[in-house]
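The task is to assemble the complex, starting from two chains supplied on their own in separate frames and drawing on the hints.
Here is how the chains run, residue by residue.
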Amino acid sequence: MIELVKNPKYDFMAIKNYAFAFSAVLMILGLIGTVQIFRGHANLGIDLAGGTSIQAKFRNPVSMERVRSLLADAGHSGAMLQGVEGDTVLMIKLRAVGGQEERMVAEPVLKLLREKMPENPFVVESISEIGPAIGHKLRQDATWALAIAFLAIIVYLAWRFEFKFGVTATVATFHDIFAMVGIFWALGLEQDLLFITALLTIGGYSLTDTVVIFDRIRENIRLRKRNTFSETINLSVNEVLSRSLVTGFTVILAVAALLAFGGDVLRNFALALLIGLVIGSYSSIFVAGPMLVLWRGEKMADVKR
Amino acid sequence: MWRNITWRIAMIVFLTAAAAAVLAPSLTEKIPASWRDPMPKINLGLDLQGGVFLRLQVEIDKAIENTTQRYADEARAVVRDKGLPVLGYKRTSAESFSLAFPPGEFAGKALELLKEEFPSLDVTLGEVKPEGASVVAKMKEAEVQAIRMNAVGQGVETIRNRIDQFGVREPQIVAEGDDRIVVQLPGVKDQQRAIELVGKTALLEFKLVDEGASVEEALKGNLPEDSQLLYQKSADPASGRIAKTPIVVKKRSLLTGDTIKTAKVSFGGQAGGAYVSISFDSRGARIFDRVTAENVKRRLAIVLDDTVYSAPVIQERISGGEAQITGSFTAEEASDLAIVLRAGSLPAPVKVIQNVTIGPSLGEDSIRKGIRAAIIGALLVVGFMGFYYRFSGMVANFAMLFNVLFLLAGMAAFSATLTLPGIAGIILAIGMSVDSNVLIFERIREELRSKKAVRPSIDAGYDKAFVTVVDTHVTTLITAIILFQFGTGPIKGFAVSLSMGVAINLFTALVCTKVVFDYLNAKKPMKTLSI
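Chains A and B are the protein sequences, given in the same order. Heads up: the first sequence is residues 91 to 395, going by this note's numbering. Heads up: the second sequence is residues 6 to 536, going by this note's numbering.
Take the hints with a grain of salt, since some may be wrong.
PhoX-like mimics (lysine-lysine), calculated; alpha carbons at most 25 Å apart, straight line [unchecked claim]:
no.: 1; chain 1: B; residue 1: 457; chain 2: A; residue 2: 99
no.: 2; chain 1: B; residue 1: 356; chain 2: A; residue 2: 201
no.: 3; chain 1: A; residue 1: 96; chain 2: B; residue 2: 356
no.: 4; chain 1: A; residue 1: 227; chain 2: B; residue 2: 356
no.: 5; chain 1: B; residue 1: 249; chain 2: B; residue 2: 225
no.: 6; chain 1: B; residue 1: 114; chain 2: B; residue 2: 145
no.: 7; chain 1: B; residue 1: 374; chain 2: A; residue 2: 183
no.: 8; chain 1: B; residue 1: 457; chain 2: A; residue 2: 315
no.: 9; chain 1: B; residue 1: 46; chain 2: B; residue 2: 374
Derived from the structure by calculation, the hints contain no laboratory data. Note that the coordinates shown come from a computational prediction; the quantities given were computed from them, not determined experimentally.
Pulled out of the complex, with its shape left as it was, chain B reads as follows (with noise of 0.2 Å):
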């Protein structure tokens, strides 16, 4: 088939269409939409277009020492319901904890009923002593597990949520190993406030304040064993500054966000200000209208990631499932609250151990002087090889041509992402391309050289240099093979544009060039050959 001109001539003529036909939606918004919206296109990396890259560490310890936590607290209000006397808990290890109790038969009693109420714990009799008996309960390996798997898939689809609301276009969010996520968020300019979005845990309590203790005392580290101190964030409207007082509250949660059905900014109130109207699911409105009944004139924190928001006073039972937090917000505060309620708290804190981010107007610049680099670079090869090797050369520029028209049309159709490296990586392919040719062209001259004629010489020339050609884009595939499989970053961006032009290479310098010279050759074998 490759001996016959018109099917290599019809063959290039259909990739050619093809390849626009794929590439033109990358290039311009001027064609149809039914032709441009389902088109794969060429994403532009962060570096070209700016935007935020985040890497975050999941800390799925503290996530087994939070679930243990509740655990902690749940068992106890449990015991205590059934009325049993508990004099202490605390959590003994990050996957257990043990409930104290005063001599008799309360720790038995207590030991069978957690053991009921609480499948995935092992809930064993700890130490018997004069003075009183405690039961000790430890996670289930299990369940440990689950927690460890499930954090970082939970921590990805909540980010999700979050940015999905927040409105940024094409977001990447995805799990790196066990313990990672990546984030990256092209366009995004505020680099502080998309990861204060992406990183707040989003733990939203209510806890009652605790009236008894003093707030003196607790600074000085005295507190009540049930109690912790906390501190509510206020800014002064007059300087803008922000003021942190300090405040007692109940360590055990009434209620908490994963009750919540809606969460929107409002505006107005008491305050003037914005603040947020929460509403809770059914069972978190049967929770809300208990404690606001049990507790009025008592004030209640609505805590944040152990920030307080404000504490009210309950000033009588609220029905229906209602509920403000209010705080001195800016529009801007109440709206990313307001997402980070909806979406739902991070099963596990994260922390932020890489944070790249490009300015728009770089990124414009760099773009801008990529492509001129490119374009120069490619212009001084083509006037080179044209100079050098005259038609031939123009034959070889030809190829290029075709070459980077595939290179592009390829990167589109994988929707690959174009780079700052992406482009050195194609002004590099672009080399690769023009060495094919000066291998070819240089055994065409020997063969010239020896006297032999045109037409001999040419396919001589290429038979010649085919061995060399394929050993030479082998090895440099090789190179970028492994670049793209073991590289990050940069190093991704470049290797995936090597290697395609690569790849490509080998069919242009090939195919493309040998029709030519073929085709010239059909009628009556040429006598000469500019070369």
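If we strip away everything but chain A, and leave its shape as in the complex, we get (with noise of 0.2 Å):
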């Protein structure tokens, strides 16, 4: 047998408190980034804010300055350019500004790069013009989808377990997106519908982690192998240990591959699946015990069997 880790012994509780401390700085880069989202100061993807977006392919290296002056002209100042492969890839994107109004601005955008730069053809690649209010549609349904899924387990969780576990579970969830959302905020990647669909997986990953201890918690209540409620969870993490890494391993390597190989469009998503991985295993390892043991006491006595 080829073993992770063998025996382990570790006390988890012990170190609850750094965890928790960790914990509150990802909490409040959470806390910024979510504020900074609702102020419109994140770096919002088209889908979700609304506005446009042209990939276009170059014969030629394109002058990303001899664009942006082209475009600043054309009353588009605010356009970010971002080039890719040797700079004939060019990422054109311009947000929608305010307001309700849906102009879609791809067509005469195309026009002019058409007109000014004749020594320079390009192909589109890809086009995407998004109006604000149908970005505000997606996100609105974003929102409620991630409210629903919440809800949804709570009522599972407190079903096959206790209502106090369902609820630990689903914070220690909420931990996972709300640190997501802060760790991408602060590093200043575009938060798109993907990302969002990245924060939905790692959700339903971490819960996953956390139901397998949780399972493991109530087996060893129901066989009274320690006194207190800290020492049961304890042994229940050791126990589960092994399979966490291996499990928390091999999905990475699944993850890296989609990082290393699946292409730009799939760039972010993997990077989001990536570390949101990482900090889903955390907070079901050091986190969500702790916070059950604080919310329900030590005492065995009181444990449902």
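Structure, rendered in structure tokens:
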């Protein structure tokens, strides 16, 4: 047998204050990130904020300065330019500016580039134009999906375990999602629909992780192996530790392949999954159990058999 | 039944054969058509094959205003035909208009006449003043509701007709909510042409040119009440520049496009370019015959969506119901114009509020990268499992293979659409499938450590892990189903493959791997287990 950890007996409960402190930092970051999103200061993707994104492949390398000044002359001074692959592929992003006006600008912009740079023809690789109202709707849909998913999971876990287990697992999951928003905001990475997909995936994954540990806690409570709740949690986390590590590692292998070979479209998504996986594993090992103790106390007698 | 090994093996063999049969048509063309054609297939999303996605907003209020305007025009024509002098008419709100009459009996007579002729209007007497009286007509609520209800449905039908004639394979045109239409055109490269074809209202009207009005005055805003200023577009053959010429036409349309029977592209003629020849149905032909007879030597403007295409002088009465729309068209433009004329006009103007276009090269690039990432990811996981759990790891890999096979077959059976996020979902489902086996194997290891024999260890491992595997899958399934229900675009594609993968995984993890161990144990209990 090859084993990552042999007979682990780590005292996770002893370092719970450090874990709480670290989580508090993540939460503050998440709070700032969330507030900034609502204030419109975050790097929201076109699909959530509304706007236009054009990807064009030019025959020759293209000067960003030239394109920038052309766009500025046409009244698009807020355009974000991004070059890839030796600067022959150009991404142009124009955010919808306030208001509800659904203005489509891709065609005029393409026409402008064709006319002003006839010596450097290009093919359009992708265009994405989303009116602010639709962006708003997508944002709303995503928020609803998130909220309903949480509610459904609390109900399921409350039925499978106890109400307090259910709420704690959900809080731990929320912790991960909040932290991801904070980290993505702090790194200035774009938050789009795929990012929200990643949030929900991580939500599901982190929940799975927590549920596996909670399952073991419940089992150990029945067997009454220890006297206090903290001891039971420590034992349970240690017992499933090798599973947590092996699973975490295999999923990271799969996601790393996505990150390395999935191309530009999936890069942010894979990165979000990777960060989320690490945080999700951390929270189920270091945070979920201690939180449960904090809420329900140490007495084993109170625990439902 | 699940205790019996033969039964389980038979079940797995049957499912594998069925999955292969369902999946084969999606993977290869080299199978008999009698098998390939009736089978549902996996569709590739627009992000993987390129194409155009449009979300359109139907401007229903405009449809109501237009209908009111049309009623107003018709009402005025009707009362004039009866010899009643109309001083003026105007639309007073989205749903109502008024006609003004000089003092006398006229307003009363018009009231009776309109009530009879237009049952869908509420007609009342307006203000009566010494200088005259007016009649106010308002569309009945039921009529307004009907327009509202029909605008989107008719819009979908009209656009579908146009797209069918344009020749796009497997387009998707569906209504969304009360006032939106989503159009998906896989494989279409020229987004601008697609937008124009889909978005053109295509209201074709024939209107007389107002010869008496001066264009200069009209440009300053001084127009006769029953006339309007439109522009005629023409391209200069030398430079290709589009010139706009102002032209004053009568507001009233003599004939509209709904009387068109066919429209087709022809070449040659006086200008030598492409033109569209149309033929009217019998009603249209009759009206066209009368209109041309009454207006010989006057100019007739052919107006599409408020743009004048040509305004030829009527040389003689035209019977037979044939007409030509000439203009400076390219062959492509003429063909698109013929398509929209044949398919009819949209009941209300539409506005593009979302346009996502993926070039075919980017689509191919994405599918190549996505599949490569999936294969590499799977190989890494397979390698790791084989290394870490040895023989048992290979059993898990075998289950994973089944998982992917069943997942793809399931997607084919439901004709699901594979998207780039969908591929990501498959990768994650693979991760889940591995996790179930890890849970089981870790349990078996625990049992083995407590010095139990191999066979009871395996059984106990599966039994104890069972609850946890179900719990983890159900929670993931809950998120996936909610994503599917409330998500849009990429979220949905991801949810489809993830939810299917999770459901299938419950079967492969708990049944497919167990049968291998049970089979090995069947003859004589295993002494050791490579795990």
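Between residue 249 of chain B and residue 225 of chain B, is the straight-line Cα distance small enough, at 25 Å or below?
17 Å, holds
Straight-line alpha-carbon gap residue 374 of chain B to residue 183 of chain A, limit 25 Å:
24 Å, holds
Starting from residue 227 of chain A, check that the Cα of residue 356 of chain B is at most 25 Å away, please.
Distance of about 17 Å is within 25 Å: holds.
Would the pair residue 356 of chain B and residue 201 of chain A pass a check requiring their Cα atoms to be no farther apart than 25 Å?
20 Å, holds
Pairwise hint evaluation, residue 99 of chain A against residue 457 of chain B, where the allowed Cα distance is 25 Å at most
At roughly 23 Å apart (the allowed maximum being 25 Å), residue 99 of chain A and residue 457 of chain B satisfy the hint.
Given hint residue 356 of chain B paired with residue 96 of chain A - CA-CA distance at most 25 Å
The hint is violated at about 65 Å.
Hint consistency between residue 114 of chain B and residue 145 of chain B [alpha-carbon to alpha-carbon, up to 25 Å]
21 Å, holds
Pairwise hint evaluation, residue 315 of chain A against residue 457 of chain B, where the allowed Cα distance is 25 Å at most:
Measuring from Cα to Cα gives roughly 20 Å; hence the hint holds.
Decide if the proposed pair is consistent with the structure: residue 46 of chain B and residue 374 of chain B, CA atoms, cutoff 25 Å inclusive.
This hinted pair holds, its Cα atoms lying about 22 Å apart.
Comparing the model with each earlier hint shows a violation of hint 3 alone; every other hint is respected.
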